[in-house]
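A.B. asks: Terminal number for the sequence shown in the working numbering: 119, no gaps in between.
FYI, nobody ran anything at the bench for these hints, they're computed from the structure. One or more hints might be untrue.
As the list claims (entries may be wrong) - Ranges of calculated distance between the beta carbons of each label pair, as one might list FRET restraints: (1) T104 - P42: 19 to 25 Å; (2) R113 - D80: 32 to 38 Å; (3) T104 - D80: 36 to 42 Å; (4) P14 - L43: 27 to 33 Å; (5) F71 - G107: 19 to 25 Å.
Every residue, glycine too, gets a C-beta built ideally from N, C-alpha and C.
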Amino acid sequence: MSQHAVLGALDTTAVARRLVRSEHPRSAPAGEQHFVLRDDMPLGLPLFNDTPGLHDPLVFVELVRRAGLHVGHRHFGVPVQRPALFYRFALRLSDPAVWQDSAEGARLALEMRAEPTRTVAGVPRSLRLGGTLR
-14 MSQHAVLGAL
-4 DTTAVARRLV
6 RSEHPRSAPA
16 GEQHFVLRDD
26 MPLGLPLFND
36 TPGLHDPLVF
46 VELVRRAGLH
56 VGHRHFGVPV
66 QRPALFYRFA
76 LRLSDPAVWQ
86 DSAEGARLAL
96 EMRAEPTRTV
106 AGVPRSLRLG
116 GTLR
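Build the full structure now, drawing on both the sequences and the hints.
C.D. replies: This is the structure:
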């Protein structure tokens, strides 16, 4: 089952609290879940704009981080207070035009898979994330 969400404008706060809520499902869904998250490519952010005319690859790292937090908190019931650790991030780019900055911006879609790998009392301690950015 695929679920769709819009992440909203990218900001530079450590954790985008407006994306998370405090209520949790009774237990995390079992097995791999599929999501499609859509957002606009940010334009002119000082944090992600080291080279004029090109997007900084850190914007993709931040997008994946926020998507993981969003799905973990909203869908799997991971408490907001629980720290998150992301590791083993890989990015493969097949179209160099994606790096070009344009006045109108670009629409991004992250097709993400999430699977709880260790669940205690109905809440995952670990999520395995994978996906494709388009």
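A.B. asks: Kindly indicate which numbered hints from before are broken by the structure, ordering the numbers from low to high.
C.D. replies: Violated hints: 1 and 2; rest satisfied.
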